[in-house]
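Since the structure of chain U is provided, determine the placement of chain Z on it from the hints.
First to last, the sequence lines map onto chains U and Z.
So for the first sequence, this note's numbering puts the first residue at 1; every next one is plus one.
So for the second sequence, this note's numbering puts the first residue at 1; every next one is plus one.
Some clues are possibly wrong.
Note: identical chains are not told apart, hence a pair may lie in one copy or across any two.
No more than 30 Å apart at the CA atoms, straight line, and that leaves these computed lysine-lysine pairs for DSSO-like [as the list claims (entries may be wrong)]:
1) K141 with K109
2) K262 with K151
3) K61 with K4
4) K352 with K365
5) K499 with K456
6) K151 with K4
7) K514 with K109
8) K265 with K151
9) K262 with K148
10) K499 with K61
11) K456 with K61
12) K514 with K128
13) K148 with K265
14) K381 with K337
15) K151 with K141
Calculated from the structure, these hints are not laboratory results.
Quick caveat, the model's predicted, so the values are computed rather than measured.
The primary structure of each chain is shown beneath.
There are 2 protein chains.
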Amino acid sequence: MMLKTHQCGEISKETIGQTVVLNGWVQRRRDLGGVLFIDLRDRSGLVQIVFNPAFSGDALKIGDRSRNEYVLAVKGTVVARDPETVNTNMETGEVEVQITEIEILNAAKNPPFFIEDGIEVDEMLRLKYRYLDLRRPEMQKTLMLRSKTAKIFRDFLDENGFIDVETPILANSTPEGARDYLVPSRVHPGEFYALPQSPQQFKQLLMVAGLERYYQIARCFRDEDLRADRQPEFTQVDIETSFLTQDQLLEMMEELVVRLMKETKGIDIPRPFQRLPYAEAMGKYGSDKPDLRFGLELVDLSDLLANTEAKVFASTIQNGGQVKALNAKGCGLWSRKEIDDLTPFAMRYGAKGLAWIQVKDGEMKGPIVKFLSESELNAIKERLQVEDGDLLLFSADNKKVVADVLGNLRLKIGRQLGLIDDSVYKFAWVVDFPLLSYDEDAKRYVAEHHPFTRPKEEHVAYFDTDPGQILAQAYDLVLNGYEVGGGSMRIYNREVQEKMFTALGFSLEEANEKFGYFLEAFEYGTPPHGGMAFGFDRLVMLLAGTNNIRETIAFPKTASATCLMTNAPGPVDDNQLEQLSIRIARKMPAASKN
Amino acid sequence: MMLKTHQCGEISKETIGQTVVLNGWVQRRRDLGGVLFIDLRDRSGLVQIVFNPAFSGDALKIGDRSRNEYVLAVKGTVVARDPETVNTNMETGEVEVQITEIEILNAAKNPPFFIEDGIEVDEMLRLKYRYLDLRRPEMQKTLMLRSKTAKIFRDFLDENGFIDVETPILANSTPEGARDYLVPSRVHPGEFYALPQSPQQFKQLLMVAGLERYYQIARCFRDEDLRADRQPEFTQVDIETSFLTQDQLLEMMEELVVRLMKETKGIDIPRPFQRLPYAEAMGKYGSDKPDLRFGLELVDLSDLLANTEAKVFASTIQNGGQVKALNAKGCGLWSRKEIDDLTPFAMRYGAKGLAWIQVKDGEMKGPIVKFLSESELNAIKERLQVEDGDLLLFSADNKKVVADVLGNLRLKIGRQLGLIDDSVYKFAWVVDFPLLSYDEDAKRYVAEHHPFTRPKEEHVAYFDTDPGQILAQAYDLVLNGYEVGGGSMRIYNREVQEKMFTALGFSLEEANEKFGYFLEAFEYGTPPHGGMAFGFDRLVMLLAGTNNIRETIAFPKTASATCLMTNAPGPVDDNQLEQLSIRIARKMPAASKN
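If we strip away everything but chain U, and leave its shape as in the complex, we get (with noise of 0.2 Å):
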């Protein structure tokens, strides 16, 4: 067997004159004239290589036998294209490889796709031949993006002393692990494993164990309904440390960042990173992970309006909502059938309409204008800054549907006009996020992170008088609009952990039975202690400029966590049932899977 010498891909001016083996597949084939060409490609790319009588005897013949993605082995010497058929499309365009020997290492049936870069094939049919698929240089460069991406994680965790640790995949299910994927246990009939949904537990143990700095690119599993970018199983970089304060861990994860933008895109990101306070991201943005590569703010307007003859705006103030607005500059000049399609877009998030004021030769036009006095429309010019040509659009409604629709209605706007620059990349904290939030149904707070968050020290008072003030030491790292990562300190004083179940309204008791052995470590001597987590995929898919997560992973599932592949999940034999004591209380209809 001929042994590659070189990759396709290294073929160039610098190898003219010189013999090299390539190894790699058929890409395409031309005779032109009984001379035949072939792209060769591996991993690195593709080069010409050319079989003519004058030079390459039999090899010609068996050159010829080939077809597309046949494997080859091929002996030439590299040289310089003619002028005229230099191809300026192709990195190994100038030269080509004239062929003397060759071996046809394996044959192929003709694949049910091309493999190029931009087909337009149904992902199913792409997913079913996953190794076909992957074969294309777009998704070949996605893997190595993703494998250089973790490199850069673990040598800056490395270099900074975070000791990798693997945490067990067959783990214990925990109290809020209504969705955890189970694993039968033969050895203790009626009992099961659960595949952890983070390392959480597991990495605060490490703390506990005073390993002080810990890290692991981790897979997590979560058995939820999937969206687009969802998948059952996940993977992400897991970080935690001792003895460092919030500020101390952002600084150092901005660095890697920074370090991670450099080597894999080549960008410098500016340091600081904007921190943002959650009331000022919902406020601004309506959105906990704001895109903050465009303005397009949205506008407070309660105080103008609550006593305004518009009754829909008055009435939704007076009951404790809100009025914001937002000013798509330019968009003024929409026709109304434009302005209109806005509509059941706000209804998708919630709203009940959509009014709007279109800035129009020095008039404000719509129908919500006449309920407006002179003085409040002023008002609204003033502080939305109006222009002739600018449109407005209101949301009157809680706070939560107003963040909502105004959000997603400034993202759409941003995108329409252009506003979002994609080769930005704009990442920022966002902080202080609330501790608790209160559930109307249960009557009583919640952890809006989880229950060890700790909350801000100057906070903790508040747990006797007002949980729902209290912020918490918590943070998300958000991306053009993204959360690619997030994490909390954690509570350590035992103090400080009783308050908070009190504000949960668990007894102490009822604390330990939930949450066992976790809560006894802590009494062991428990280190200030702190983390995150990066979700991996996403940013790997943020990297390679794709929206879907399955273009990151080598081997992903579909929507309802069907592997088209393997064809997972699939029946077993009875016998396995049977050893693992179990059985199948209702079987699947014969359907088709997708």
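Then chain Z, alone, in the frame of chain U:
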């Protein structure tokens, strides 16, 4: 909160005069005439801190409240110790820190065992309180060694163009998967995922996908009855390449191992590693994973004793068995009792008894001597290079039993005679494994490795004549009597694959049914490929110098696959089972787990 400026272990003569802040745990405290001495411990080591009324002020009073395993933040000045109080057993024993400020970051209950190396505590208790066990310096060192080992693997593989690809944990049940861990699907009632026993199929498909070089530090799962060095989930460094020969791959892997040994142990391992054919390993050492740190080789005597009067020897040989012996140098001086004690040991490995000859005072003694002729005794003497004081141990049985009995006697006696230097790391490749073995029960050949293992090119012809004679392109990496890795070149050629299936007694239809999509994938242009996997836990175990695999895993499971810390596996709610469409067929009797 005062945050550390230094690690405890960094305090040294170089830091004398500096003001430092340390964070750590109280290892022990002593009060000597009103002066308080605390050994403070963090991940890096211990340092003595001193509270003295002369310089500590209130800090002494606060420090005095601390107990073992309290978490402290202290500030003070590094000073040299008086020459008479220098502690040479402590890395930082030449200095101490005079404390001026202290904060008790956390209190601690008295731990159930001392946090120190070499404790003699029931492992069950250590596993229950794993977060305390992991505070012990020897455990932390092992976890750091594990992290470092992973880093060395990754760096090397990255430098050599390997791409780190994550393959699914929620995978498909494979035909050999009788002992798969299963995961019921919620979305597809009655169907199951299986946790992978290895990423074998995925890594081969990544070669079909043209990735060329893949690696992954992969979690694998096997629901087997556990032995001392097995865990239900384990980690392997999984490697696959295309377009390399076996020799090229082994050479690259040797380079990796040499670097690993240099960077973890500071040891230079000479290259190339010995390549030991399987037949020779079994012949000389009675093992396919021989400990090559010492000789004491097995010697075949079958040709000498085929017609001896010693019936037990002659009849064994005449029935197709063997007679082999090893010469335990110097053991001829053992007492009769010491020699007799070897018999039950030999019987554990299948021997029916143990024949021996003691060479003492120029005479050969032992129950079998009288059945052997003068010339037979002389021939034995010559072949075993017998001297006065030797003890000859014989095994007469079929090949497998002889190898087991003498192979294990060899290890036992080598250890007893002090022939094994524990500081030596002796790597070798065992190569030329048989491709097939004949299953007497099934009356057919079975694959020794797996049905995709490539035969030696020059042996392919034996498929038609004597399949049992075919040697495989398969290899194991052995170290000091352990298999630390293994792999094979894979069949990529349809014709050879069909011959293999025929030899295994499958029709092509049966093969397709069994291996389905995997065989189909191979028809689309599969490159020559092969790979190996290192047993990561076992390798770390050997590097750490322990023989307990659980010491190398942060949160291991017991022999009954239980985690004593989290109590996994455990019961789950009925509604979880309902959602998964399964029922428990039979519960475990209420009994304690271990």
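Verification of the hints:
| no. | hint | result |
| --- | --- | --- |
| 1 | K141 with K109 | within (25 Å within a copy, 53 Å between copies) |
| 2 | K262 with K151 | both (14 Å within a copy, 22 Å between copies) |
| 3 | K61 with K4 | within (21 Å within a copy, 73 Å between copies) |
| 4 | K352 with K365 | within (20 Å within a copy, 104 Å between copies) |
| 5 | K499 with K456 | within (13 Å within a copy, 70 Å between copies) |
| 6 | K151 with K4 | both (27 Å within a copy, 28 Å between copies) |
| 7 | K514 with K109 | between (57 Å within a copy, 21 Å between copies) |
| 8 | K265 with K151 | both (15 Å within a copy, 24 Å between copies) |
| 9 | K262 with K148 | both (12 Å within a copy, 25 Å between copies) |
| 10 | K499 with K61 | between (83 Å within a copy, 28 Å between copies) |
| 11 | K456 with K61 | between (77 Å within a copy, 29 Å between copies) |
| 12 | K514 with K128 | between (43 Å within a copy, 18 Å between copies) |
| 13 | K148 with K265 | both (11 Å within a copy, 28 Å between copies) |
| 14 | K381 with K337 | within (24 Å within a copy, 107 Å between copies) |
| 15 | K151 with K141 | both (15 Å within a copy, 23 Å between copies) |
In summary, the structure agrees with every hint in the numbered list given earlier.
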